[in-house]
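> Here's the letter readout for the chains.
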Amino acid sequence: MQTPEELQQKILQLVEEKQKLESYQLVNQLLKNGIGLLLNQPSTRLIESFLEQLRQALLVPYGILLQHADLWRPYAETDADASSEVDWLAWQPMFQTRHRNIVDTQLLSEWPALSQGPLMPFRSLLLVPIQTRTQQYQLLLGHPSTAWFSGVREQIALQCTDFIAALLEHAELAALESENISLRERQLRMEQSLIQSEKMASLGQLAAGVAHELNNPLGYILSNITTFRSYVESYNRIIALYRARDQLPVAEQAALTEQIQQAFAKDDLEFMLGDAAELISDSLEGAMRLRDIISSLRRFSHPDRGQIEELLVRDIIESTVKIIWSEIKNKTTIEYRFAQEPLWVKANPSQLSQVVLNLLMNASQAMNKPSAKIMIETEGTEQMVLIRIRDNGSGMSQALQKRIFEPFYTTKDVGKGTGLGLSLSKAIIDEHHGQLEVDSVLGEGSCFTIHLPRFVL
Amino acid sequence: MAVYRTAFSAATEPTQLVDELCAQLQARRPANVSFVFAPQSQLRLLGQSTSLLATSNCWIGGSSCLAGLTEQHLSLGQSQVAVLQIDDAAGAYGVGFAELTLEQPLDSLIRNILLQALEHAGRPAERPSLIWVCQPPGHEEHVLHAIQQVVGVDVPIFGGSSADDEVSGLWCQFAQGHCAGNLFAILAMFPSDTVEGYFTSGYGLAGPSAVVTAVEGRRLLQLDGRPARDLYFEWLGRPYNPAEPMILARCALTPLARVVETIAGLPILLVSHPATQEPDGSLTLFSRVELGERVHLLQTLDVNFSQRAAMVAATVVRRLLGQQLLPKAAIITFCAGCMLTMRSQIPELLMCLRRELPEVPFVITFSFGEQGIFADGQSRHGNLMISAVVFGGAHANT
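Chains A and G, in that order, give the protein sequences. Okay, so the first sequence: first residue is 1 according to my numbering, each after it adds one. Okay, so the second sequence: first residue is 458 according to my numbering, each after it adds one.
Derived by calculation from the structure, the hints in this document are not laboratory data. Mixed in with the good hints there might be a few duds.
[Stated by the list, open to error] Take a look, some chain G residues computed to stay more than 10 Å from chain A by CB distance:
#: 1; residue: E583
#: 2; residue: G682
#: 3; residue: I720
#: 4; residue: G779
[Stated by the list, open to error] Cβ-to-Cβ under 8 Å is the rule here; a few derived chain A residues that face chain G:
#: 5; residue: I11
#: 6; residue: Q13
#: 7; residue: V15
#: 8; residue: E16
#: 9; residue: L89
#: 10; residue: Q96
#: 11; residue: R100
#: 12; residue: N101
#: 13; residue: I102
#: 14; residue: D104
#: 15; residue: T105
#: 16; residue: L107
#: 17; residue: L108
#: 18; residue: A147
#: 19; residue: F149
#: 20; residue: G151
Just so you know, even glycine gets a beta-carbon here, dropped at the ideal spot from N, CA and C.
Could you build all of it, start to finish, from the sequences and the hints given here?
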């Protein structure tokens, strides 16, 4: 049986534990309120709201959370902007890596310099450092009475700092997320801009060839039309002679009939009649060729608005070849091996054309021999469409193959290339959930393969 | 992580005393603080040794009745010096001290000493985890009040009023090599380990009680309108002997007390030990009582003092264990008056304490007044009390 003294000890112990439980209860209530804030408050108000809860629980008139970013500055406070006149630089030595429970500010020699704004009346201070993964903070609570922050109040504040740190990390993550989104958008815009620049650079490179390509049919269209005009003039003269002869009595038509026959013979009207059809046919073909080239150029150079379309792979390839043909026709032949079935993909036509153009340009530049040949091959599997562009040029070493997709990496002389073509091409194909691969043998040639998800109509 | 070690010596020759202590206190660098308890004759020898003082940044202590003891002792011998050293790189400790003079009021002296201690600890104006006081008997309530005026009432204040062997006023206090009878010393502690303390007496209400109807400081003049001495001895059932003014030892088992608090119906007793009886019928006490307060006669409880001391330590250890902490060191303050009446039980006292504090270094001082914190959280001064201050950490002391 326990002695009265043992019972007394036991009861006193229980009383003490009861006091501790009450303290824990207060902390738990604070944390519970904090979780409620987390669920219901916008992140910008979270810290202020919890700080206010803590202020009320500790019965202090003021609390502030400071953040260190080169200098200490207010992050949240219970009385908005109350600390605007406080020189936080002067407070720097007060903030340490351990918490500080100041029983009487009058005992601090530096207090006169620190006593500003809402902090002036405070005799007690509790300073608690809070560290998140990326930032330092200081919690500062004050009270006009001395020794306000008893052991219990100090412990309550310290037990809440982990939760405050969690709230701060939550806010930091939200800010990082927002910044990440903003950076990602900026990156996309820059990529688009780069792609457009690369596109224009390609066009710039092709400008002379394209101009020649346009000039060629234009030249013979003009020539044909000029010739056809002279034919029409001849037709008009002969028709005028016929009309004049028909106006005369039959007995007087002999002279004009003679002139008509001379005109036929002189202008070789039979030839003209036969040649005119050919002139028109050639001119129509030239005009259509011009239209195709211009249409391809327009599609290629159109500012990319990110539109995704259902594309027939063969059309994109042929359209792109038209743009580049003038550049490469004297260097290489092109052989096509298109899949028998139509192969569709969902892609941005301008960007896909850009990729094919880059690969064709690189292939043609890798070859400098009479037997230079580019083979363009398409293949379809159940899930994927493959576009292979193979050349029999100089090929690449293994080391070079590992680097060619790096931005700004180029084997060309300065001023001859941006070094972005392949890296952008890869980025474009990646964006289309595809792959761009290279397989090359030094001295034998290279094969670039575009893999894209197949679209089934 | 703080490290604690004890040292002791029974040498009375100064060089030998210092050598023996230094040999046990060897450390690569000065420790933070050393507590020293010893008979006043030996305590006065220590201040002259720079080599010993160099082993700690702070030295604080007081004279202990007959001896100071450590966990290494088996019995109470004569002239034993006990030291508890704390090596705590992550903590902060500071000592302030001064002698009481006629020129300076005690309140302002204590305030200045406390501020000095906080400054010495490198923590000016900050709330310490615990305050240790070394002082002569007579002004303990004032000292407590002066300290609480600065740091508030909830900072634990522990200590033991210095004692000598025969209540002849030869006690002394020790701080930073200074030793004097009117010296007051305060240690402000900011340990990296957790420190808990408990403070109680070994008495229960005997039944009789009366109201203080006349008092002057620690001189109890009248109870219920009658001379205090007369009523007190009437309660004891025996006559007083006018030829024996000193009644300290005789009354150790039947002191007086005030009920300062009642918790769950249990009275919290603050004991006052009658020291002398006066011709005018008054009693001088070792602590104050106030006019209008009811004082009670006490009697010892079934548990003897040895077991009581162990229970006090066990209460604190239990509190530490509840925080998942292990005890690492302890300071036991034991009333010299009690000790003198149960001197033969000292071996049992040591054994009981070692059982509650296995492989834990501790020191014991026998004092003429004890200060500590009750279960209501208030620090008070009392007599015939036992206190235990225990340091606890996540790992055992190594």
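> Can you verify the interface hint for V15 (chain A): is its Cβ closer than 8 Å to any Cβ in chain G?
Since the shortest Cβ distance to chain G is 5 Å, the answer is holds.
> Over 10 Å to the closest beta carbon of chain A is the bar; see if G779 (chain G) clears it.
With a cut-off of 10 Å, G779 (chain G) comes too close to chain A, as the shortest Cβ separation is near 8 Å.
> When the nearest CB of chain G is found for R100 (chain A), is that gap smaller than 8 Å?
For R100 (chain A), the interface hint holds, since the closest Cβ of chain G sits about 6 Å away, which is under 8 Å.
> Grab the minimum C-beta distance from Q13 (chain A) to chain G and call the hint holds if it beats 8 Å, violated otherwise.
holds, 7 Å
> A closest beta-carbon separation below 8 Å is what the hint needs, so does L107 (chain A) meet it against chain G?
holds, 4 Å
> Mind checking the CB of T105 (chain A) against every CB in chain G and telling me if the closest is under 8 Å?
holds, 7 Å
> Holds or violated: is there a CB of chain G closer than 8 Å to the CB of G151 (chain A)?
At 6 Å from the nearest chain G Cβ, G151 (chain A) passes the 8 Å test, so the hint holds.
> Against chain G, with CB atoms and a cut of 8 Å, does the hint on L108 (chain A) hold up?
holds, 5 Å
> Should the label of E583 (chain G) as a non-interface residue stand, given a Cβ cut-off of 10 Å to chain A?
Label violated. Min Cβ-Cβ 6 Å, cutoff 10 Å.
> Checking hints one by one. Is Q96 (chain A) an interface residue toward chain G, by the C-beta closer than 8 Å rule?
violated, 10 Å
> For the restraint on D104 (chain A), tell me whether the closest CB of chain G is nearer than 8 Å.
With a closest approach of 6 Å, the D104 (chain A) hint holds.
> Once the shortest beta carbon distance from L89 (chain A) to chain G is found, is it less than 8 Å?
At about 21 Å, which exceeds the 8 Å cut-off, the nearest Cβ of chain G leaves the hint on L89 (chain A) violated.
Checked against the numbered hints above, the structure violates hints 1, 3, 4, 9, 10; every other hint is satisfied.
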